[in-house]
Amino acid sequence: MANETARLWKDGGFRPNPWQDWPEDGALEPLDPGTDALVPLERFVADPDVFLARKGRLGVRVAAGEDVAVLAEHLENIALIALEFPSFADGRNYSAARLLRERLGYDGEIRAVGDVLSDQIALMRRCGIDAFLVTHGPTRAALQGGRIPEVRHYYQPVSGPEIEIPAGSRPWARQPAA
Amino acid sequence: MYRYDEFDQAFVAERVTQFRDQVARRLAGELNEEQFKPLRLQNGVYLQLHAYMLRVAIPYGTLSAHQMRKLAHIARTYDKGYGHFTTRQNIQFNWPRLDDVPAILEELAEVEMHAIQTSGNCIRNVTADHFAGVAADEAADPRPYAEILRQWSSLHPEFLFLPRKFKIAVTGAAHDRAAIQFHDIGYEVKRNEAGELGFAVYIGGGQGRTPMVAKKIRDFLPEEDLLAYSEAILRVYNLHGRRDNKYKARIKILVFETGADVLKEEIEAEFTKIRASALRLPADEIRRIEAYFAPPAYAIALPGEAALAAARQADPGFDRWVASNVTGHRAAGHSIVTISLKPIGAPPGDATADQMDAVADIAARYSHDEIRVSHEQNLVLPHVATADLRSVFDALVTAGLATANAGLITDIIACPGLDYCALATARSIPVAQRISERFAETARQADIGDVKIKISGCINACGHHHAGHIGILGLEKKGEEVYQITLGGSGDETASIGDIVGRGFASDDIVDAVETIVDTYLERREGADESFLAAYRRLGATPFKKALYGAA
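Order-wise, the sequence lines are chains P and R. All letters in the first sequence, in the order written, are residues 15 to 192 by our numbering. All letters in the second sequence, in the order written, are residues 1035 to 1586 by our numbering.
Hints are not guaranteed to be accurate.
[Said to hold, decoys possible] Taking lysine to any residue pairs in the SDA-like style, the calculated list, with each CA pair at most 20 angstroms apart, reads:
no. : chain 1 : residue 1 : chain 2 : residue 2
1   : R       : Lys1282   : P       : Asp104
2   : R       : Lys1280   : P       : Glu87
3   : R       : Lys1307   : P       : Ser173
4   : R       : Lys1307   : P       : Ala136
5   : R       : Lys1071   : P       : Asp129
6   : R       : Lys1071   : P       : Glu87
7   : R       : Lys1307   : P       : Glu87
8   : R       : Lys1280   : P       : Thr149
9   : R       : Lys1280   : P       : Pro100
10  : R       : Lys1199   : R       : Tyr1332
11  : R       : Lys1199   : P       : Thr149
12  : R       : Lys1071   : P       : Ser173
13  : R       : Lys1071   : P       : Arg154
[Said to hold, decoys possible] Stretch-level coverage of chain P by chain R, calculated; a stretch enters the list once three of its residues show a Cβ under 8 angstroms from a Cβ in chain R:
no. : stretch
14  : 85–91
15  : 119–127
[What the hints assert, rightly or not] To list a few chain R residues with every Cβ distance to chain P over 10 angstroms, as calculated:
no. : residue
16  : Glu1192
17  : Glu1227
18  : Leu1261
19  : Gly1351
20  : Ala1357
21  : Glu1471
To be clear, the hints were calculated from the coordinates, so they are not data collected in a lab. Backbone N, C-alpha and C fix where the C-beta goes; we use that ideal spot for every residue, glycine too.
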């Protein structure tokens, strides 16, 4: 599975991905208690205590269209939230990322999972996404080669991982600090 | 007019560089068409029936003579010598080569223009009343707000992959010339009882296969909350709009299926949470942007009315043009001139490069350098001294732009139709041409008065037929083009969707059918003062059906 683990982009490089997807109900081999487990949101919300009691770290996987507000009371125990992008054209989880960062104050890893185009990476970062597990080959190549296109003058105040400062007198305009 | 500062200029320049790289990757085969599509769409590049098409944004339809000359240059250099002005106050070039597009965008950036978000499932070019700032009936100029919305919506990181396209229109007058009730969001600038500026907010209007008139969800939104409220609407739509069927993905369907009251509650709840943020507009910042749109220094107390009356009496052609194409202005001694892009028998909305240059010259000399594009696919000179009308008319005659039909029956809106569009099921431009030829006689047009004919070549309704006083929808049945007629639609403040009058007409019969409708109106109206729309609303469809299909 070397290829699989090499696909996670975070902190400026491809990193090993220690997280394992929570098996479907009735699977023969449950995850080892110490494994970092990525649990579907619906499954987690149905019985949070089961997952909070495990030894390994807890991650939650959010399908496009699911409401992240239900995670509010558990956020300090969640180390990873993986937002699914089933198609590059499905923009619902851009909103979910901003709600997690700006409204719910979540400061753990937010990972985009799925069909992401290289031209979307910068937009996702501004919405608060800081890790990428992408299926699209050219996007992985662009990340590797440092060819992520971006317009670095912004007309929207947001709270992404990068520090942005107001630009001129317009309160909605932003540019990267330094 | 708004002018880019260094920040705006850098934004557009970076975007051009980005797209140049994307086009290079596409031409080198690194991106396939499927991967390239969303990138080109957000830069205004469509793939049409025969070639790529580039749609350039003209924010709220305002441009300078200098910008118009650049559009002429682009038409001449990169296209076949003409451009097409659209119902969303944009211009389309129908024949650019893909490898020329980055150079075109670079040229546009030189004159503070771009093609960002003129396509794709994102917030599109914000439109406004084409008489903004000069209309006598205005509460405030809507363009400063449209400009603020333009900036906020440009590459908004959260809202570039919406369920479907999203159109915002702003009007500053109670008489709606911007068709705001047929937009995803319509803002009407108004004053409350305390005299403060703000907006009535409408959502969920639209045409297409499921036409809907927008619902008003706020009677008064304070001016400072424009962006926070817009962001709340867009967030609710982005999260909850349908994505399973592109024909049910516009916000109008969400409004319809959720109910306007329930959706309003969701929007208000979201708004409450983000209201006190950097999105709140400081009054001094609004006033700073408003100053860009300040009226020019009009010459005071120009004579002109008496000379104009004499000139009209002396020349019936000039008289008819003034009657139809000149509108009252808020400044004394001044007039608003509509330049019809609907010459008899020609495609609606087209202008040649030479005509664009001529309009630029006329605007520079007689209209304080300013031009507007109307959603009715005409051009407007907003600041003409009444004393100069004769000179402007003569210059327009020379340019072949003096058709005297603004607002009359031959001032037809039509989509590109089967002649250009990959989606169309029937031709629309040739039908518009034949109707315009049938009603070409100017005295007859003047007698018929204000009738808006709008023609779409398929159910996507780009020709706005649902909002036409007489709407024509071209369909295909058993290999033949068939045209369905709707009556009584309107895009103004009394917005309504036209009623289907009955079975469709063959291409050979559609012009006769329109004439029958018009003759019925002329017979049944209570006088020349009763417009077609007023008469239809009074009479209902019955007399028209009877005339078209007989007593049975």
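query = If you draw a straight line from the CA of Lys1071 (chain R) to the CA of Arg154 (chain P), is it 20 angstroms or shorter?
reply = Judged against 20 angstroms, a Cα distance of about 19 angstroms means the pair holds.
query = Taking 20 angstroms as the top limit, are the C-alpha atoms of Lys1071 (chain R) and Ser173 (chain P) close enough?
reply = The given pair, whose Cα atoms are some 29 angstroms apart, is violated under the 20 angstroms limit.
task = Please work out if Lys1307 (chain R) and Glu87 (chain P) have their alpha carbons no farther apart than 20 angstroms.
result = holds (18 angstroms)
task = Compute the least Cβ-Cβ separation between Leu1261 (chain R) and chain P, then decide whether it is above 10 angstroms.
result = violated (6 angstroms)
ask   = Since Gly1351 (chain R) was said not to touch the interface, does its Cβ keep a gap of more than 10 angstroms from each Cβ of chain P?
value = Nearest chain P Cβ is 48 angstroms from Gly1351 (chain R), so the label holds.
request  = Please count how many residues of the stretch 85–91 of chain P have a CB within 8 angstroms of a CB from chain R and say whether that reaches 3.
outcome  = Our answer is that it is violated, as 0 residues pass the Cβ test (under 8 angstroms) against chain R, missing three.
query = Taking C-beta pairs only, is Glu1192 (chain R) more than 10 angstroms away from all of chain P?
reply = violated (5 angstroms)
task = Assess, step by step, whether the Cα of Lys1071 (chain R) is no farther than 20 angstroms from the Cα of Glu87 (chain P), and give holds or violated.
result = violated (41 angstroms)
query = Are Lys1282 (chain R) and Asp104 (chain P) close enough, with their CA atoms no more than 20 angstroms apart?
reply = holds (15 angstroms)
query = Has the given pair, Lys1280 (chain R) with Pro100 (chain P), been kept, meaning a C-alpha gap of at most 20 angstroms?
reply = holds (16 angstroms)
Check on Ala1357 (chain R) being off the interface with chain P, judged by Cβ distance over 10 angstroms = Holds, because the least Cβ-Cβ distance between Ala1357 (chain R) and chain P comes to about 44 angstroms, which exceeds 10 angstroms.
inquiry  = Check the hint pairing Lys1071 (chain R) with Asp129 (chain P) against an upper bound of 20 angstroms on the C-alpha distance.
reply    = holds (15 angstroms)
Hint compliance for this structure: hints 2, 4, 6, 8, 10, 11, 12, 14, 15, 16 and 18 are not met, and every other hint is.
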